[in-house]
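Residue numbers (the working numbering), protein chains in the order written: chain F, 4 to 487; chain C, 4 to 477.
Calculated from the structure, these hints are not laboratory results.
If you're wondering where the values come from, they're calculated on a predicted model, not measured in any experiment.
Certain hints may be false.
As the list claims (entries may be wrong) - Under the rule of at most 27 Å between Cα atoms (straight-line distance), these lysine-lysine pairs were calculated in the BS3-like manner:
{"no.": "1", "chain 1": "C", "residue 1": "K425", "chain 2": "F", "residue 2": "K7"}
{"no.": "2", "chain 1": "C", "residue 1": "K222", "chain 2": "F", "residue 2": "K254"}
{"no.": "3", "chain 1": "C", "residue 1": "K145", "chain 2": "C", "residue 2": "K261"}
{"no.": "4", "chain 1": "F", "residue 1": "K462", "chain 2": "F", "residue 2": "K451"}
{"no.": "5", "chain 1": "F", "residue 1": "K314", "chain 2": "F", "residue 2": "K461"}
{"no.": "6", "chain 1": "F", "residue 1": "K256", "chain 2": "C", "residue 2": "K222"}
{"no.": "7", "chain 1": "F", "residue 1": "K7", "chain 2": "C", "residue 2": "K179"}
{"no.": "8", "chain 1": "F", "residue 1": "K203", "chain 2": "F", "residue 2": "K292"}
{"no.": "9", "chain 1": "C", "residue 1": "K261", "chain 2": "F", "residue 2": "K7"}
{"no.": "10", "chain 1": "C", "residue 1": "K149", "chain 2": "C", "residue 2": "K47"}
{"no.": "11", "chain 1": "C", "residue 1": "K222", "chain 2": "F", "residue 2": "K264"}
{"no.": "12", "chain 1": "C", "residue 1": "K356", "chain 2": "C", "residue 2": "K425"}
{"no.": "13", "chain 1": "F", "residue 1": "K254", "chain 2": "F", "residue 2": "K203"}
{"no.": "14", "chain 1": "C", "residue 1": "K47", "chain 2": "F", "residue 2": "K53"}
{"no.": "15", "chain 1": "C", "residue 1": "K149", "chain 2": "C", "residue 2": "K261"}
{"no.": "16", "chain 1": "C", "residue 1": "K70", "chain 2": "C", "residue 2": "K179"}
{"no.": "17", "chain 1": "F", "residue 1": "K353", "chain 2": "F", "residue 2": "K292"}
{"no.": "18", "chain 1": "C", "residue 1": "K222", "chain 2": "C", "residue 2": "K273"}
{"no.": "19", "chain 1": "C", "residue 1": "K273", "chain 2": "C", "residue 2": "K356"}
{"no.": "20", "chain 1": "F", "residue 1": "K256", "chain 2": "C", "residue 2": "K179"}
{"no.": "21", "chain 1": "F", "residue 1": "K203", "chain 2": "F", "residue 2": "K256"}
{"no.": "22", "chain 1": "F", "residue 1": "K288", "chain 2": "F", "residue 2": "K319"}
{"no.": "23", "chain 1": "C", "residue 1": "K47", "chain 2": "F", "residue 2": "K61"}
To be verified - Residues of chain C clear of chain F, computed beta-carbon distances all greater than 12 Å:
{"no.": "24", "residue": "I83"}
{"no.": "25", "residue": "A148"}
{"no.": "26", "residue": "R263"}
{"no.": "27", "residue": "E264"}
{"no.": "28", "residue": "E277"}
{"no.": "29", "residue": "P297"}
{"no.": "30", "residue": "E343"}
{"no.": "31", "residue": "S359"}
We put the CB at the ideal spot given by N, CA and C, even for glycine.
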Amino acid sequence: MNYKRRYIYHGIKILSFLVILFVGMVLGAIFTLRPKYSEIEKRKLQELPKPQLVEMWKGQYFSELSTWYADTYPFREKLIEANGMFDSLYGFQTEQITGSAVVADDIPEVGESGDVPEDNVDSTTEVDDSQATDEGEVGNQDNNQDSNQETTQEENEDNSQTDSNDETEPSVDVTENNEETISKNDINNGQTFGSIYVTKERAFSLYYFSLSAANAYAKSINKIAKDLDGVANVYDLLAPTSVAIYLDDEKSKMIGTSDQKAAFEYIHSKLGNGVKVIDAFDHIKSHNKEYLYYRTDHHWTALGAYYAYEKFCESKGITPNPLSSFEKREYPGFLGSFYAATDQLNAVKKNTDTIEAYVPKGTNTMTYTDKDGKEYKWPIVNDVSKYKDNAKYSTFVAGDNPYSVITNENSASNESCVVIKESYGNAMIPFLVDHYKNIYIVDYRYYKGNIINLVKKKKINDVVFINNAEAINNTVVSLIDKIS
Amino acid sequence: MVFSSLIFLFLFLPLSLIAYYFSKNKNWVLLISSMIFYSFGGIKFIYVIIGLTFISYIGGLLVDSSKTNLTRRLSLVGTISLQLIILILFKYTNFIIDIINNISNFDLRVVNIVLPIGISFYTFQLISYVVDVYREDCEVQKSFAKLLLYSSLFHQCIAGPIVRYQDIAEQMEYRKVTAGMINRGINRFCIGLAKKAILANHLASLADTLLPTTMDGMKTSSVVGLWLGLAMYMLQIYMDFSAYSDMAIGLGLMVGFKYRENFDYPYMSKSVSEFWRRWHISLGSFFRDYVYIPMGGNQLGLGRTILNLFIVWALTGLWHGAAYNYLLWGLYFFIFITIEKLFASKRVGKRGKGISHIYLLIVVLFGWLLFRYSDLNLMFGVLKGMFGAGDLPFMDLRTSLLLQNNVFFIMVAIVGSTAIVKLLDDILSDLSNRYGWIANVTMTFEVVAMPVILIVSVISLVGNSYNPFIYFQF
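Bound-form chain F, shown alone (with noise of 0.2 Å):
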């Protein structure tokens, strides 16, 4: 080749790479186009640090200023979701699996252990009490894991977790910013996002028994049960995940999740004779062909709470409102959870949920309070048309509110009752509120009264527990433990 045409093509090249490096400079001068707020991985985005002696002396300052420039550049997410088209070029994409495996527990046969399930309860947490640190242990190098993942973005994300919690929380000037949903590490603070299992039609958080967190979760509810004996009947719902109910046995044994049937048998023959077991497991199972879970989300739909809604009626002597006699309302485009959980594949993105919300018949009001205790009116099935993508699960009771309250003037009973809850609950209360004059709604991931007063000062006939299978972990019985 004659070195004249070389050295253009050098020239070009040379001038390409510079090109490409002084746009990337000056974009990322473009202060006003740096996001300070990711949508998809809901958290605050690393923030610039102010310069000071000591952290630049030790290099702290200049990680954060490394992480604030990459955190922060400009296109941020439309760059992320690039980077989720490659992944597909890496193989053959149909099924997929994020995260990494969990060391779920053996799960006990109901028969082997005794037959005086208080009893029983004390001793097996007495001696799981160094096991359950362990438990706590395991949780952290999750985390770990995940922050590995993410560096130090990840710790970061931990730190302003509670800022964001702020800035998603309903507020009556803007209805969108009722977005009341999940960051990617933080399903129900402290349940972590473990390991996820993306088929061609959904994809599926996979459970991973603790024993641990089983035992002390019946201990708290055998508590609480004798706490309220003869004050209130305690139900106790435990919801199984879609995992449980789609995916079926094989395969479930081959990616290791453990079977929530057998994880319910077991709690369940941990709670005393106080506590009213509502089993709505298989119940749930035989409709498996419906629309009961998202696919998106690790959420249950409203149907798939209404059939668990069918055992606690049954559980409490009373006949369910049958689904045809609500009016039905439908959301499309729903994104959950699992999208960013699975770094925004676009095989959970193919497939977007359509809510579906049941409004109740007696009233569609409601009162909220939010974490900083300011109160709201709020319509229990609100509209969530206009709301973000991945913030439409929040259209049942308002999100996720440390305490709420529903007035059904129009119902037959004048019995009241308190839900304590995750978001599982949200998705079934709309249908409980024909059946009560009052509902009290209570998160105990936020909340911070005590539950026993509440009862006590409300005069609350019914105290109704309902949690999703990974609920039933350390943390969240902590939680329990503190407001009760």
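For chain F, the structure is supplied; the task is to place chain C on it using the hints.
Coordinates of chain C only, in the frame set by chain F:
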């Protein structure tokens, strides 16, 4: 700062390149850039590198100006001792405390020392400088700033290669940058960045998913999963480390420095000795020239040769990290190299090629197991698990899914760790010399490909904030 970060690519690099190309005092630009680069690890560590360089600077002057052999020798020994003491203090104090506590009744407390980034690399560079002055392989450096530039040059300061002073002494005084060099530099840098950002980071996440971090974690593994995990780790380490050397060589070329190659497709070797001539070449040759040969090499009889090898490999292991597993890792190679020296020397015929290649890969694979696990119990657990101990299933769904999801990616990584691409490139450039149109096509391809690789690498850096660099702990 690491090369594979946005702040390096989109702030530090363009600024330092402009400053370099437009400045008259090019060495000063490089020195200041290097100081800024290095201070990102904490300003306090600048004093370590300046201090060590100063000791070496004075040492070099003393060696050079000594009149008698005795004083020359004393100056050399004194300087090297100081250099090593500083390295040991920073890097091995806690390891030594651990050993003392284990073998005696003392209960010494572990001290809180942060390892200055790159200290293992620049200490070795400075040792080679003083020794070379002593051996009169190079002129003494009379300018402290120039010696500091040598030890702290950001291209190689924190992750190698270990550049010899004699190799770049002249280049520091006078060097010419041609468009061809810048071009090759850009190619090397972009390829290195892609190896790191696209291949190594994802390989790391695969390895981390598959290799258990606790004894308990073994329960969720399978035999195939462990083998695959270890193979991913093997590829990751190569991609990671050679990527850094690629980028260093590329950055050097952009400003006129020619560094020696540090990797020569080591996984294509056919014996452990050959592997170590092709893996981290600058480290192997350092130990050869500054430890093995001065101790007598293989000239003092078989027994002494084996002892010398033992020392060299123990040191090589410990250089990689202050822990037992690194020591064992070094000695593991000592065993194979000794066996090769004693029995198998030069007898690999044509038929033996395939077998010896497989032998090398297996030896190196299990070597990385030692490298990965500082917890020796867990290491043995994984080892046993790889052969089915503990009732591990042969295959689990997670592993088979990961394999399916990444089958093309893994193939690319394997091909990338061999010389196939280079071979193709050689054939093409050969053809280019003969046919003009092929030259045009390949040049056009390169002109398009490099920017694309750069952009894709940036995208994947943003997409995976996961960015561990294994060799930083050294």
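Self-check item: Earlier hints that do not hold, by number
Solution: When the structure is compared with the hints, numbers 16, 18 and 20 turn out to be violated.
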